[in-house]
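> Given next are the chains, with one letter for each unit.
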Amino acid sequence: MTTRLTNTDRPGDGPPAAVDGGPHSTASPATRVLGVLVLVASGVLAVLGLVASPADTELGETVRLLYVHVPVVAAAYLAIVITTVGSVAVLWKRSQWWDLVAGSAAELATLLTALTLVTGMIWGRPTWGVFWVWDARLTSTAVLFLLLLGYLAVRRTTTDQVSRATRSAVVGMLLLPNVVIVNRSVEWWRSLHQDPTLITLDPKIDGLQLFTLVFGIATATLLLVWLLIHRFRVAWMAQRVEAHELDDAIAVRRAEAVGS
Amino acid sequence: MSQWGYVAAGWLVVVVAVVGYATAVLRRGRALSRRLPPEERRWL
Amino acid sequence: MLREATLVARKDLRVELRSRVTTNQVVPFALVVLVLFAFALDPDRGVLERATPGLYWVAVLFCALLAVQRAFAVEAADGIRDALRLTGIEPAGLYLGKALAVAVQLLVLEVLLGLGVVVLYDTALGGWGLLIATCLVATAGIAAAGTLFGVLAAGLRVRETLLPLLLLPALAPVLLATTRASEAALGDDTAEGWPWLGLLGVFALVYLTAGLIGFGALMEDT
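Residue numbers (the working numbering), protein chains in the order written: chain A, 1 to 260; chain B, 1001 to 1044; chain C, 2001 to 2222.
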């Protein structure tokens, strides 16, 4: 029958602190440092993006939207890569740890992709006059969002842990190939219908603008790591709680059987 | 809406979504850890 | 492995021939879809004509959903799954066999839908080489993806809603490519259509590989 996935005991980063009876959370010394770093970086990004860097000659102030849009896109793609790699690892190593990583990364990827779509639309309105255009990037992102929703739906099927992990892994390992195929095909398709007014202007940015953009991507990456660690730990604990409840239920049944 | 309006909307959406999600995750972490016996809170 | 695949495929197709679900329900469904499109798009205004390749392939996709659902519902019914596992058939052979059966049914549906489109939408067919090649390669990809997601969703209570959610976004590039290729075939500039066939080929390869890898794990764990 089905066997449990091997429990490779690596719960997360950070050294274990002293255990006491007080309130606990998913934090650890490492994540606190990282969290502070993310906050500071975000503050710097806001100053750079909203105040210090100049408005673009072509796009005006709306270029400042790119300082959130592009980092969010970058983080989303990073999360998707992690999900795919994790899914392959689940199938290959039969590892529960990787299953939790993949699931957490996928949830983050969904959030970030949704934000990509929203910020993309908010940028599109002043730039093109409409909220949505079927250009290559927005279309690909929309399909990606749907693929991720499919992954999350599989994760929510209430079956035993092993089958859920395997099913999710099969969907997850196809994420990156799907993304590549969709991107290539949509780009190619839209390039056949060149509408000059709709071409996503990649503005010629340099100097402080470019630095801000790159800084934004770095900040988003740190943020992703921080969120991933916490989300992973939540998933880990949820799984432990489930295991405990199962053990308790079995113990209760055993006691009943003995008693009767 | 002026250009600054859109910029503000974009930044606001991202900040609210990220902070909201982070809060939800951290809260759930606390709630779960309360349900676990002390020896299981390994990294804490 | 190939011999096992043909065995499985013949078993599935024989089951279908005897029960005739595809002929009795999926084909009429396809016709219903064609008629509905005509209602929605008003044949007199030329929209239907221009949209025919796209509509055709959307109809094919919907029929594929039904065919895949059917392929796995048959087995869920009688606990055949466990029996299959016990026979010791290699999962890869099982996967290829089921995919082959789905592909054959899809090809039949595509021919019938093609007839429907010629009759109902007054389409003039042309570019036969490109059309046939498109149908063959696209069907391979659709069957490969459908069979993989089909077994993934099999056995779940949410199977009927999960399968479309998984399969249709994954098949979006196929729809894109087949429509462009079909438009090129029907519109006399077939040179534009052949590159899309390359995309369909890549898609089919990716999903066949994924299926061969994933089918075994899914059979074992679910």
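Calculated from the structure, these hints are not laboratory results. Possibly wrong hints are sitting among the right ones.
Unchecked claim - Simulated DEER-style distance windows between Cβ atoms:
| no. | chain 1 | residue 1 | chain 2 | residue 2 | range |
| --- | --- | --- | --- | --- | --- |
| 1 | A | W134 | B | R1027 | 36 to 42 Å |
| 2 | B | P1037 | C | Q2025 | 53 to 59 Å |
| 3 | C | D2122 | A | R184 | 47 to 53 Å |
| 4 | A | W132 | C | L2120 | 53 to 59 Å |
| 5 | C | A2124 | A | W134 | 54 to 60 Å |
| 6 | C | R2003 | A | R184 | 32 to 38 Å |
| 7 | B | R1027 | A | V47 | 57 to 63 Å |
| 8 | A | D160 | C | E2160 | 52 to 58 Å |
| 9 | C | V2015 | A | W188 | 39 to 45 Å |
| 10 | C | V2058 | A | V180 | 19 to 25 Å |
| 11 | A | R125 | B | P1037 | 50 to 56 Å |
| 12 | A | W132 | B | A1031 | 51 to 57 Å |
| 13 | A | W188 | C | A2124 | 24 to 30 Å |
| 14 | C | W2194 | A | V40 | 53 to 59 Å |
All residues carry an ideal CB built from backbone N, CA and C; glycine is no exception.
> Are the hints correct? Go through all of them and say.
So, going through the hints one by one against the coordinates:
In this structure, A:W134 and B:R1027 meet the distance hint of 36 to 42 Å, their C-beta atoms being roughly 39 Å apart. In this structure the supplied range 53 to 59 Å holds for B:P1037 paired with C:Q2025, their Cβ-Cβ distance being about 55 Å. The hinted window of 47 to 53 Å between C:D2122 and A:R184 is violated, with their beta carbons roughly 35 Å apart. For A:W132 and C:L2120, the hinted distance range of 53 to 59 Å is not satisfied, since their beta carbons lie about 32 Å from each other.
Between C:A2124 and A:W134, the C-beta spacing of about 28 Å breaks the proposed range 54 to 60 Å. Judged by the Cβ atoms, the range 32 to 38 Å given for C:R2003 and A:R184 holds: they are separated by roughly 36 Å. With their beta carbons about 29 Å apart, B:R1027 and A:V47 fall outside the hinted range of 57 to 63 Å. Range check, A:D160 to C:E2160: about 21 Å between beta-carbon atoms, so the 52 to 58 Å window is missed.
In this structure, C:V2015 and A:W188 meet the distance hint of 39 to 45 Å, their C-beta atoms being roughly 40 Å apart. Checked against the given bound of 19 to 25 Å, the beta carbons of C:V2058 and A:V180, roughly 24 Å apart, stay inside it. Checking the proposed 50 to 56 Å range against A:R125 and B:P1037 shows it holds: the Cβ atoms sit about 53 Å from each other. Look at A:W132 against B:A1031: about 38 Å separates their beta carbons, and that is not inside 51 to 57 Å.
Judged by the Cβ atoms, the range 24 to 30 Å given for A:W188 and C:A2124 holds: they are separated by roughly 27 Å. For the pair C:W2194 and A:V40, the supplied restraint of 53 to 59 Å holds, since their beta-carbon distance comes to about 55 Å.
Violation of the numbered hints given earlier is confined to hints 3, 4, 5, 7, 8, 12; the remaining hints are satisfied by the structure.
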